[in-house]
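Trainee: Sequence:
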Amino acid sequence: MTMGRDPGILTTRDGYVLDRMLRDWQPLAEEWLALLKRKLSADRLPMDAPVPAGLAVIDARVAFRCASGLTDSRTLCLPRDHVPGGAFLPITTFYGLALLGLREGEALHFDRPEGRHDWVRLEKVLYRPAAPGAPATQPTFRLIAGGLAGRAIPAANENGPGPGPGPSAA
Numbered sequence: 001m002t003m004g005r006d007p008g009i010l011t012t013r014d015g016y017v018l019d020r021m022l023r024d025w026q027p028l029a030e031e032w033l034a035l036l037k038r039k040l041s042a043d044r045l046p047m048d049a050p051v052p053a054g055l056a057v058i059d060a061r062v063a064f065r066c067a068s069g070l071t072d073s074r075t076l077c078l079p080r081d082h083v084p085g086g087a088f089l090p091i092t093t094f095y096g097l098a099l100l101g102l103r104e105g106e107a108l109h110f111d112r113p114e115g116r117h118d119w120v121r122l123e124k125v126l127y128r129p130a131a132p133g134a135p136a137t138q139p140t141f142r143l144i145a146g147g148l149a150g151r152a153i154p155a156a157n158e159n160g161p162g163p164g165p166g167p168s169a170a
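Per this note's numbering, numbering of the sequence shown is gapless, rising by one per residue and ending at 170.
No wet-lab data here; the hints were simulated from the structure. One or more hints might be untrue.
Dumping the calculated SDA-like pairs for lysine to any residue here, alpha-carbon to alpha-carbon at most 25 Å [stated by the list, open to error]:
1) 37 with 47
2) 124 with 36
3) 124 with 51
4) 37 with 74
5) 124 with 46
6) 124 with 17
7) 37 with 93
8) 124 with 78
9) 124 with 59
10) 37 with 88
11) 124 with 84
12) 37 with 106
13) 37 with 113
14) 124 with 90
15) 124 with 105
16) 124 with 61
17) 124 with 75
18) 37 with 110
Could you build all of it, start to finish, from the sequences and the hints given here?
Mentor: Okay, structure coming up:
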C-alpha cells in the first residue's frame with residue numbers, strides 16, 4: 001500500500017462486479033458513489049494470482065467492528081442474495097462496500113449522507129469460498145459398487161423389525 005492510498009485490494013471478480021455497479025446501478029447517495037469510486041481505484045490482483053488469506057471478498061464471512069461500537073459477523077453478498085434480517089451484508093451498503101477488499105486488521109474511513117464520518121475495520125475473515133478451479137479442500141469419498149448388497153434397509157417410516165405401534169409420532 002502506498003502512502004495516501006486507501007487500504008485494500010480487489011480480486012478480478014470483485015473488481016468486475018464493482019465496475020458493473022458503477023456503470024449499471026443507480027446509487028442512492030453521493031457519498032456511496034464516492035466510496036465506490038475509491039474502491040475502484042484500489043490495486044487489483046492479477047487473474048491467475050492466488051487470493052491472499054485474510055482478504056474480504058464477495059461470499060466471504062467476515063467479522064468486523066465499526067465506529068458505533070458494533071461488532072458483528074456477516075457474509076458479504078451481491079444485492080440479489082440479500083435477505084432482510086439474515087446473516088448477509090450486501091456490498092450495496094456502506095459497510096459491505098467498505099469491507100470488500102480489506103485485509104484483516106485494515107480499516108477504511110468514509111463519509112455518510114447525514115454528514116457524519118464513519119469507519120469499519122475488518123477483524124477476521126471467518127470463511128472464504130474456494131476459488132473456481134481450485135482443488136477441493138474437503139475430503140473426498142469413494143463409491144463402492146455393491147457396498148450395501150445383502151443389507152436390509154427398513155423403510156423410513158418403520159420402527160424396525162417385528163410388530164409394534166407403528167411409526168413414531170416424533
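Trainee: Hint by hint, say whether it matches the structure.
Mentor: Now for the hints, and whether the structure bears them out:
no., hint, result
1, 37 with 47, "21 Å, holds"
2, 124 with 36, "22 Å, holds"
3, 124 with 51, "15 Å, holds"
4, 37 with 74, "23 Å, holds"
5, 124 with 46, "23 Å, holds"
6, 124 with 17, "23 Å, holds"
7, 37 with 93, "14 Å, holds"
8, 124 with 78, "20 Å, holds"
9, 124 with 59, "14 Å, holds"
10, 37 with 88, "23 Å, holds"
11, 124 with 84, "23 Å, holds"
12, 37 with 106, "19 Å, holds"
13, 37 with 113, "16 Å, holds"
14, 124 with 90, "18 Å, holds"
15, 124 with 105, "7 Å, holds"
16, 124 with 61, "9 Å, holds"
17, 124 with 75, "12 Å, holds"
18, 37 with 110, "12 Å, holds"
Violated hints for the displayed structure: none, as all numbered hints are satisfied.
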